[in-house]
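Chain residues, written in single-letter form:
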Amino acid sequence: MDPLLVYPDPPPTELARCLDLGGVVWKAVASIDAVARDEPADGWAGAIVVLAEDDSAEAAWAFCRHIRKRDNPVAPLMLLVPGSGIDTLNLRDELFEDFCLTPFHPRELEARLRHLLWRTVPAPTADVVTTGPLALNLETYQATIEGKSLDLTYMEYELLKFLMQHPGRVFTREVLLSRVWGYEYYGGARTVDVHVRRLRAKIGEEHAQLIETVRSVGYRCGTGRRTGS
Amino acid sequence: MDNQIDYVMRSVEERHVRLVRLWFTDVLGQLKSFAISPAELENALSEGMTFDGSSIDGYSRVFESDVLARPDASTFELLPWAAPGEAEARVICDIANLDGTPFEGDSRSVLRRNLEVARKAGFTFYVAPEMEFFYFSASDAGGPPKPLDQGSYFDLTTADVAGSLRKRTIHTLETMGIPVEYSFHEDSPSQHEIDLRHTDALTMADSVMTFRLVVREAAAAEGLYATFMPKPLEGVQGSGMHTHMSLFRGEHNAFHDPADPYRLSKEAKGFIAGLLRHAPEITAITNQTVNSYKRLIPGFEAPVVVSWARNNRSALVRVPVAKSNEGSTRVEYRSPDPACNPYLAFSVMLAAGMRGITEGYELPAEASGNVLRLSDEERAAEGMTELPGSLSEALTLMEGSDLVREALGEHIFEWFLRNKRKEWRSYKSQVTPFELERYLRMI
Numbered sequence: 001m002d003p004l005l006v007y008p009d010p011p012p013t014e015l016a017r018c019l020d021l022g023g024v025v026w027k028a029v030a031s032i033d034a035v036a037r038d039e040p041a042d043g044w045a046g047a048i049v050v051l052a053e054d055d056s057a058e059a060a061w062a063f064c065r066h067i068r069k070r071d072n073p074v075a076p077l078m079l080l081v082p083g084s085g086i087d088t089l090n091l092r093d094e095l096f097e098d099f100c101l102t103p104f105h106p107r108e109l110e111a112r113l114r115h116l117l118w119r120t121v122p123a124p125t126a127d128v129v130t131t132g133p134l135a136l137n138l139e140t141y142q143a144t145i146e147g148k149s150l151d152l153t154y155m156e157y158e159l160l161k162f163l164m165q166h167p168g169r170v171f172t173r174e175v176l177l178s179r180v181w182g183y184e185y186y187g188g189a190r191t192v193d194v195h196v197r198r199l200r201a202k203i204g205e206e207h208a209q210l211i212e213t214v215r216s217v218g219y220r221c222g223t224g225r226r227t228g229s
Numbered sequence: 001m002d003n004q005i006d007y008v009m010r011s012v013e014e015r016h017v018r019l020v021r022l023w024f025t026d027v028l029g030q031l032k033s034f035a036i037s038p039a040e041l042e043n044a045l046s047e048g049m050t051f052d053g054s055s056i057d058g059y060s061r062v063f064e065s066d067v068l069a070r071p072d073a074s075t076f077e078l079l080p081w082a083a084p085g086e087a088e089a090r091v092i093c094d095i096a097n098l099d100g101t102p103f104e105g106d107s108r109s110v111l112r113r114n115l116e117v118a119r120k121a122g123f124t125f126y127v128a129p130e131m132e133f134f135y136f137s138a139s140d141a142g143g144p145p146k147p148l149d150q151g152s153y154f155d156l157t158t159a160d161v162a163g164s165l166r167k168r169t170i171h172t173l174e175t176m177g178i179p180v181e182y183s184f185h186e187d188s189p190s191q192h193e194i195d196l197r198h199t200d201a202l203t204m205a206d207s208v209m210t211f212r213l214v215v216r217e218a219a220a221a222e223g224l225y226a227t228f229m230p231k232p233l234e235g236v237q238g239s240g241m242h243t244h245m246s247l248f249r250g251e252h253n254a255f256h257d258p259a260d261p262y263r264l265s266k267e268a269k270g271f272i273a274g275l276l277r278h279a280p281e282i283t284a285i286t287n288q289t290v291n292s293y294k295r296l297i298p299g300f301e302a303p304v305v306v307s308w309a310r311n312n313r314s315a316l317v318r319v320p321v322a323k324s325n326e327g328s329t330r331v332e333y334r335s336p337d338p339a340c341n342p343y344l345a346f347s348v349m350l351a352a353g354m355r356g357i358t359e360g361y362e363l364p365a366e367a368s369g370n371v372l373r374l375s376d377e378e379r380a381a382e383g384m385t386e387l388p389g390s391l392s393e394a395l396t397l398m399e400g401s402d403l404v405r406e407a408l409g410e411h412i413f414e415w416f417l418r419n420k421r422k423e424w425r426s427y428k429s430q431v432t433p434f435e436l437e438r439y440l441r442m443i
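Quick mapping for you: the protein sequence lines, in order, are chains A and B.
Just so you know, we're using my numbering here: the first sequence kicks off at 1 and counts up by one.
Just so you know, we're using my numbering here: the second sequence kicks off at 1 and counts up by one.
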């Protein structure tokens, strides 16, 4: 059996004990670099990431983003999260399959893990997201408007994808910055405005309102309301 | 960041890109490019491409001529003017030494370094330039430039070839992710202005480089040419690159203070004071050609003296009256021209402003009346400093500036002075039509 990846290194002692008692094969890694370096030939069987209650939580999220967004994403991923961090799960659904509150009950964790690993194939996700005349193919990264190709930079694509995957929801700049860019990015909250303008410019004047500015709140895409003709 | 590389590689495949152009900028602000095949791209993105930099202006060094071009994957864009079926893309590069450290001759790295200084102080630097330029007929090669029209400011002429050309240009800019705020026919015949919407300074410097290429390409496609020469026609306004600047702290405009009668924060005042105090020494960078100084003369709305004002267009620093929303508080620096190297120009402007903030410079009083109408004596009486009157003067002022030396780094500082002194000497050795007309038969 291929090992489960565990972050951070060393993991909390109660987690290490629980895994060892349950006969789970695992290996702890301390950094993003180690994920590829220590990767077994057939890839990691899955991952357990521990979010602590302190400042290291952001680094743990960055770690999740990395292992999920690389060429060969690590799945399934189980998060161990303290009760105080439960809100940080919001809008990060694509980063994990299941979570368990800490301090955890060893038998609960064991049961959840068993169930998670049993379901080896990740749940199917839609390959194409659409909003009105806009379509994104998540498999090929290609965007089209009315069937015509739209050439986007990587971050323009990621922002549009995020907005389109949550149709009708209004997001503040802060939320977009943390969920789309991640906190590793220092460009400032205005970065979001700049990218929205660039997206609108590329989409073209007649469709610019597909990404709607919600005054003194933020942005949303796809309200279902059609503006103009 | 390998997901970003993956995105680029996938786009190259899906859009059948045949050629990828790696762009970078020499010290004088000329766009340089070399093309690689898609097969080489993945390696270029992860490891960079080595090339011989010795023939690039400002790149030559004594010991090593090879440098490394490291494509910045976030700048990957398809080029809209490529022929159908021949898709091409560009990626903007940072230039590094072979050991991976930023190359001292790379102006993009210089701007990155200056932005990092501001970031450490908690600021993000936003800029929005107003780009002015002329269209001329390409048939008059060699002769004096011929304007296409006699239109002037905001004119809407019916047979306005240039107007529709400008419109197409803007469309191309927008498909390349360069949003335009306004565009119009400027004061002089054949002169146009396109104002870009603010972005962070690094993105904007990249955009200015792209902008100049797009404007020229679009004009060439019509059998015309576009020029960013600061003063192509005598007796009418030249082309400037007025630059609007602001510093943000997170979501908040650090220049805005609702409690101040001017709506200006302490930071804004320090920044303006810094710009004013260091304006003479940074002018060689913001106005780097012999011709630049033919624009900076009285009578054509170009700044001549160091001053600031709220809504006076003859001041060097203008503070546009802020609308109610705090985001729009900004300062406009009016001396730069569009022939500058935007990476270096933004670097020295930021450095001057930041110096004003960190050293707590006092903001002098606002200039009253039309500072341009003052005589030399009146200006002297008001204690006003003037901007340098020639490239030579500007270079002398720059040479004595620790601020510019620090902002540019030793390598570019020294090379720029050497190169521009040479340009000045070669200009000075010319016998001009002015002299022949004035002296030949008189003395």
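Each hint should be verified, as a subset may be incorrect.
[Said to hold, decoys possible] Simulated restraints on C-beta separations: (1) Glu251/B x Arg169/A: 15 to 21 angstroms; (2) Glu181/B x Leu117/A: 53 to 59 angstroms; (3) Leu117/A x Tyr182/B: 43 to 49 angstroms.
[To be verified] Residues from chain A that face chain B, not an exhaustive set, calculated with beta carbons under 8 angstroms: (4) Asp9; (5) Thr13; (6) Arg37; (7) Tyr157.
Please keep in mind that the hints were generated in silico from the structure rather than gathered at the bench.
Just so it is clear, CB atoms sit at the ideal spot from N, CA and C, and this is done for glycine as well.
Cross-check of the supplied hints:
1. Separation of Glu251/B from Arg169/A is about 20 angstroms and conforms to the stated range, judged on CB atoms against 15 to 21 angstroms.
2. Range check, Glu181/B to Leu117/A: about 54 angstroms between beta-carbon atoms, so the 53 to 59 angstroms window is met.
3. In this structure the supplied range 43 to 49 angstroms is violated for Leu117/A paired with Tyr182/B, their Cβ-Cβ distance being about 59 angstroms.
4. Interface hint status for Asp9/A: violated, as the beta-carbon distance to the closest one in chain B is roughly 22 angstroms, over 8 angstroms.
5. At its closest, the beta carbon of Thr13/A sits 33 angstroms from a beta carbon of chain B; the interface hint therefore is violated under the 8 angstroms criterion.
6. Given hint, Arg37/A at the interface with chain B, is violated; its Cβ is 14 angstroms from that chain's nearest Cβ, farther than 8 angstroms.
7. For the restraint placing Tyr157/A at the interface with chain B, the shortest Cβ-Cβ distance is roughly 7 angstroms, inside the 8 angstroms limit, so the hint holds.
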